[in-house]
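Novice: Residue strings, one per chain:
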Amino acid sequence: MDFASFFSKNLPYLLAGISVGGQYALIAIGYTMVYGILRLINFAHGDIFMVAGLLMIYSTTVFPLWVSIPLTIVVTVILGMMVEKVAYKPLRSAPRMSVMISAIGVSYLLQNLALYVTGGLAKPYPAIPGISATVTIGPATTKWVTIITPFLTLLLVVLLMQLINHTKIGMAMRAVANDFETSRLMGIQVDAVISMTFIIGSFLAAVGSLLYFSNYPSVVPTSGAMPGLKAFVAAVFGGIGSIPGAVIGAFIIGISENIIKGAGWTTFSDAFTFALLIVVLLVKPTGLFGEGAKDKV
Amino acid sequence: MNKDKMINGIISAILLALLFGLVVLLDHTLPTTGIAMTVLQKCCIYSLVAVSMNLLNGFTGLFSLGQAGFMLLGAYTYGILTIPVDARPSVYQYFDGGIVQFSVPFWVGILAAGCVAALFAWLIGLPVLRLKSDYLAIATLGFAEILRAFCQWDKLGGLTNGSNMLRKYPSFNTLLFPFTVSVICIAVIVLLINSSYGRAFKAIRDDEVAAEAMGINLAHHKRMSFCISSFFAGIGGALLAMFQTTVQASAFKTNMTYEILLVVVIGGLGSVTGSIIATFLFYLCSEWWLRFLDSEIMIGAFKVPLLRPGFRKVVFSIVIMVIVLFARKGIMGDREFSVAAVRRWFGKHRSSGSEGKEEKA
Chain U
1 MDFASFFSKN LPYLLAGISV GGQYALIAIG YTMVYGILRL INFAHGDIFM VAGLLMIYST
61 TVFPLWVSIP LTIVVTVILG MMVEKVAYKP LRSAPRMSVM ISAIGVSYLL QNLALYVTGG
121 LAKPYPAIPG ISATVTIGPA TTKWVTIITP FLTLLLVVLL MQLINHTKIG MAMRAVANDF
181 ETSRLMGIQV DAVISMTFII GSFLAAVGSL LYFSNYPSVV PTSGAMPGLK AFVAAVFGGI
241 GSIPGAVIGA FIIGISENII KGAGWTTFSD AFTFALLIVV LLVKPTGLFG EGAKDKV
Chain G
1001 MNKDKMINGI ISAILLALLF GLVVLLDHTL PTTGIAMTVL QKCCIYSLVA VSMNLLNGFT
1061 GLFSLGQAGF MLLGAYTYGI LTIPVDARPS VYQYFDGGIV QFSVPFWVGI LAAGCVAALF
1121 AWLIGLPVLR LKSDYLAIAT LGFAEILRAF CQWDKLGGLT NGSNMLRKYP SFNTLLFPFT
1181 VSVICIAVIV LLINSSYGRA FKAIRDDEVA AEAMGINLAH HKRMSFCISS FFAGIGGALL
1241 AMFQTTVQAS AFKTNMTYEI LLVVVIGGLG SVTGSIIATF LFYLCSEWWL RFLDSEIMIG
1301 AFKVPLLRPG FRKVVFSIVI MVIVLFARKG IMGDREFSVA AVRRWFGKHR SSGSEGKEEK
1361 A
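Same order as they appear, the protein sequences are chains U and G. Position 19, counted from 1, in the first sequence is what this note's numbering calls 19; the numbers after and before it change by one each time, with no gaps. Position 272, counted from 1, in the second sequence is what this note's numbering calls 1272; the numbers after and before it change by one each time, with no gaps.
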């Protein structure tokens, strides 16, 4: 098979991959920032992403779109902050495993709450004008969201990098990620920095959910689990704590997963992600762009 | 002192015998398909799974999230090996009757389930056990997902029946059977924990560096704990397959592992009896006693608010969060319920003398 025909055959999958990759990237940033600062795999992050999807569904039934989109984002951010205040902050001096168990508990709670609220029915996701319309590129037909996602993702990442590298709160974040105790001694408000991390993470997860669920017909309470885990793998792959790493990792995972689906191996598209995770952990545990870490292996 | 020990042993044996008697009695009085029977059977099975997970997470300090994967292996091994030959064409209808053309007695199937799970644990452990804490957790979780994908792969359909369910294998309809198997397995785990190996596991949990300095071979003991835990998770999976009468890979998701982990945490990481008590409390409440939370109740003309399907699980998750946040040690911490402990307790509180009858297995 020559390249041109391979390309045209795989173009739909490639496009889908780039799009999903961008959506994973937005979730992965939340994982990588929280892990960088708290050394915690925030298992509830995927469920916050799912809740953002449900919030959008419920708010569009009451409000017009221009109210419900900001409302969804604001409520998701508040939820993310509350989870940190209620479930992680009291355990700051506890062993790391306790915090992780707490995160699993929050995930269980959010899923069960979603199950209760939705009554176990799959809720159809509203069409968002502009991004839910279809578009044809060469041999592939797709939705506008596929085209918009990578650009929006890159824009948000560039803004985030500006925030982290050129503002006071960004400098505080870098300091806390580098050395928790010392930065506290230097007078940095560690709790405020952590809250800020969760705000940014939840904001990006909410934007990601708007893009991600526009590609799917409906949201169920377990919708967030798998994208969440994959985004985490992307964060590990790129080097945990590194934002560009997480973004590149997410694009690689999104594209490979869809190429695998295109090759007729759909059963293994999820398994591939985890196989990649295990290989990365064993061969290069610091990931593509991670700094040398002390306690991974 | 020795006499004391003997008395404790005798009382424990009597309690266990009474429990067996009770189980036999329940078998004869409860309707076989009633909710009480089903829930008690489930409790017995999940007790074993919870204790096996506790052996790894609570006693050895290896934070693994692969339990559902090993249960899946156990359930599939049992199903594949024990489906009667004449039932195979109808079960494997899309795969020409499957490639396994023999079947073994159920007890061989159960043992094989454990062995296959342990074998895979050994293989997975080779790379994975070098990782620590949360990286170990996420890697074992990943392996569980990979195993699930393989079980659903249609190229292996002759063996696993692809994404279709396995059925028509021998199952049980008594309480005595899962109870007996669980008691035997848990007894083996308790003996292991109280042996020198068990002390080595606890030493690794408390301080790896110190344990290594004392001459404990870390890699060897971690691998051993991982394999043994998976062996019993595999047996638990086989029992679960028998209990459900059908088995399908799509049911063994990470949520299953999370639920078992939360049960273990509620009981107390590092307490076998804690895990058993928590399992019974958890499943009795969630599947039976608190079922009313899921149905709408009218008191006169007043409709009790909030009660509708799903509310039970919400209440449950909130209770779990409260335990995780405010009672981090769980019900038992790392203590054990035993006759000796109860007698000591009574000795201390002879004047106040309240009752402390609890289940002992």
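Worth double-checking, as some hints may not be accurate.
To be verified - In silico DSS-like links for lysine-lysine, alpha-carbon gap of 25 angstroms or less:
1. U:Lys-9 / U:Lys-143
2. U:Lys-284 / G:Lys-1132
3. U:Lys-85 / G:Lys-1003
4. G:Lys-1202 / G:Lys-1329
5. G:Lys-1253 / G:Lys-1132
6. U:Lys-261 / G:Lys-1155
7. G:Lys-1132 / U:Lys-89
8. G:Lys-1132 / U:Lys-261
9. U:Lys-85 / G:Lys-1202
10. G:Lys-1329 / U:Lys-89
Unchecked claim - Some, not all, of what chain U presents toward chain G, calculated at C-beta under 10 angstroms:
11. Tyr-35
12. Met-100
13. Ile-101
14. Leu-110
15. Val-135
16. Thr-136
17. Ile-137
18. Ala-225
19. Lys-261
20. Phe-268
21. Ala-271
22. Phe-272
23. Leu-277
24. Phe-289
No lab work stands behind these hints, which were simulated from the structure alone. From a predicted model like this one, the values you see are computed outputs, not experimental measurements. No residue lacks a Cβ here, since even glycine has one placed at the ideal position from N, Cα and C.
Novice: Would you check the hint for Lys-1329 of chain G and Lys-89 of chain U, treating anything up to 25 angstroms between C-alpha atoms as holding?
Specialist: Cα-Cα ~18 angstroms, so holds.
Novice: Taking 25 angstroms as the top limit, are the C-alpha atoms of Lys-9 of chain U and Lys-143 of chain U close enough?
Specialist: holds (18 angstroms)
Novice: Min Cβ distance, Ala-271 of chain U to chain G: is it shorter than 10 angstroms?
Specialist: At 4 angstroms from the nearest chain G Cβ, Ala-271 of chain U passes the 10 angstroms test, so the hint holds.
Novice: Taking only the CA atoms, is the gap from Lys-85 of chain U to Lys-1003 of chain G under or equal to 25 angstroms?
Specialist: Measuring from Cα to Cα gives roughly 54 angstroms; hence the hint is violated.
Novice: Within 25 angstroms, alpha carbon to alpha carbon, are Lys-1202 of chain G and Lys-1329 of chain G?
Specialist: holds (16 angstroms)
Novice: Is the hint on Ile-137 of chain U kept, meaning its closest Cβ partner in chain G is under 10 angstroms away?
Specialist: Ile-137 of chain U check fails; min Cβ-Cβ to chain G is 31 angstroms, beyond 10 angstroms.
Novice: Restraint: Ile-101 of chain U near chain G, CB-CB cut 10 angstroms. Satisfied or not?
Specialist: Ile-101 of chain U check passes; min Cβ-Cβ to chain G is 5 angstroms, inside 10 angstroms.
Novice: Decide if the proposed pair is consistent with the structure: Lys-1132 of chain G and Lys-261 of chain U, CA atoms, cutoff 25 angstroms inclusive.
Specialist: Distance of about 32 angstroms is beyond 25 angstroms: violated.
Novice: Close enough to count: is the Cβ of Thr-136 of chain U nearer than 10 angstroms to one in chain G?
Specialist: Violated. Min distance 33 angstroms.
Novice: Could you check if Leu-110 of chain U really has its C-beta closer than 10 angstroms to a C-beta on chain G?
Specialist: holds (8 angstroms)
Novice: At a threshold of 10 angstroms, is the proposed contact between Val-135 of chain U and chain G supported by beta-carbon distances?
Specialist: With a minimum Cβ separation of about 33 angstroms from chain G (threshold 10 angstroms), the hint on Val-135 of chain U is violated.
Novice: For the hint on Phe-289 of chain U, does the least C-beta distance to chain G fall short of 10 angstroms?
Specialist: violated (17 angstroms)
Figure legend: structure checked against the earlier numbered hints; hints not met, in rising order: 3, 8, 9, 15, 16, 17, 19 and 24.
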